[in-house]
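Novice: Please take these sequences and the hints and turn them into a complete structure.
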Amino acid sequence: GESVGLHLPTLSVQEGDNSIINCAYSNSASDYFIWYKQESGKGPQFIIDIRSNMDKRQGQRVTVLLNKTVKHLSLQIAATQPGDSAVYFCAESYQGGSEKLVFGKGTKLTVNP
Amino acid sequence: NAGVTQTPKFRVLKTGQSMTLLCAQDMNHEYMYWYRQDPGMGLRLIHYSVGEGTTAKGEVPDGYNVSRLKKQNFLLGLESAAPSQTSVYFCASRPVATDTQYFGPGTRLTVL
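Protein chains in written order, with my numbering: chain A, 6 to 118; chain B, 25 to 136.
Just so you know, the hints here were simulated from the structure itself, not pulled from any lab data. Accuracy of the hints is not assured; some may be wrong.
As the list claims (entries may be wrong) - Footprint (simulated), chain B over chain A, 3 or more residues, beta carbon under 8 angstroms:
#, stretch
1, 35–48
2, 105–116
To be verified - The calculated lysine-lysine pairs, modelled on BS3-like cross-linking and capped at a C-alpha distance of 25 angstroms, are:
#, chain 1, residue 1, chain 2, residue 2
3, B, K81, B, K33
4, A, K105, B, K81
5, B, K33, A, K47
6, A, K61, A, K105
7, B, K94, B, K81
8, A, K110, A, K76
9, A, K105, A, K76
10, A, K113, A, K61
11, A, K76, A, K61
12, A, K110, A, K61
13, B, K81, B, K95
14, A, K113, B, K33
15, A, K105, A, K73
16, B, K81, A, K110
17, A, K113, A, K76
18, B, K95, A, K105
19, A, K47, A, K113
20, A, K110, A, K73
21, B, K33, A, K110
22, A, K73, A, K61
23, B, K94, A, K105
Ideal Cβ positions, reconstructed from N, Cα and C, are used throughout, including at glycine.
Specialist: In structure tokens form, the structure reads like this:
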């Protein structure tokens, strides 16, 4: 079936380092991908998204890379800060998918001071 | 502009009891969603609505019902709560023009 998953359940980095969080997806028809950040006890917060007609998109300190050939998505966080500690989810959807997002299980990022 | 709000924030039920979770959004979004999140898992879609008066089943709809009588509100009902429904419930909404969903703060439900 269609699914979105993550390669690593946890990631620990030092403050100031760059973080890379990976995501694999299985539905080749997916045309929209999104990253959410979820802090403890809160709802998911939108970080950045990308459509399948793009390979890269940059935001403030974050970059999303999409490799459609291997169905891989990554989130890069530059100069990681303690406030970046959270669980990060990727999700996908596709035209004709009834406006539904399919979420991965999440990666917990811990930033050490 | 409060965004997406959920009521209540916490609730404890006994098996067999019923309750309704309320989601409200003030962004005039057409689409609304209910998800559940269990430990170590991502969000799973329960039901969703593409407009006032319409609802549809998601991935895990059994044991839940929903209603969208007003555009700004999306209600999730549990008719006879079971321990398996212990979870954190999130509501989300989005406009027609984008795929980005905006989430509420969640409701933590425990069924004993």
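Novice: So, for every hint listed, does it hold in this structure?
Specialist: Hints, one by one, checked against the model:
no.	hint	in the structure
1	35–48	holds (count 6)
2	105–116	holds (count 6)
3	B:K81 <-> B:K33	holds (24 angstroms)
4	A:K105 <-> B:K81	holds (11 angstroms)
5	B:K33 <-> A:K47	holds (11 angstroms)
6	A:K61 <-> A:K105	holds (23 angstroms)
7	B:K94 <-> B:K81	holds (18 angstroms)
8	A:K110 <-> A:K76	holds (17 angstroms)
9	A:K105 <-> A:K76	holds (19 angstroms)
10	A:K113 <-> A:K61	holds (23 angstroms)
11	A:K76 <-> A:K61	holds (14 angstroms)
12	A:K110 <-> A:K61	holds (23 angstroms)
13	B:K81 <-> B:K95	holds (18 angstroms)
14	A:K113 <-> B:K33	holds (24 angstroms)
15	A:K105 <-> A:K73	holds (20 angstroms)
16	B:K81 <-> A:K110	holds (21 angstroms)
17	A:K113 <-> A:K76	holds (21 angstroms)
18	B:K95 <-> A:K105	holds (18 angstroms)
19	A:K47 <-> A:K113	holds (14 angstroms)
20	A:K110 <-> A:K73	holds (20 angstroms)
21	B:K33 <-> A:K110	holds (23 angstroms)
22	A:K73 <-> A:K61	holds (11 angstroms)
23	B:K94 <-> A:K105	holds (21 angstroms)
Checked against the numbered hints above, the structure violates none of them.
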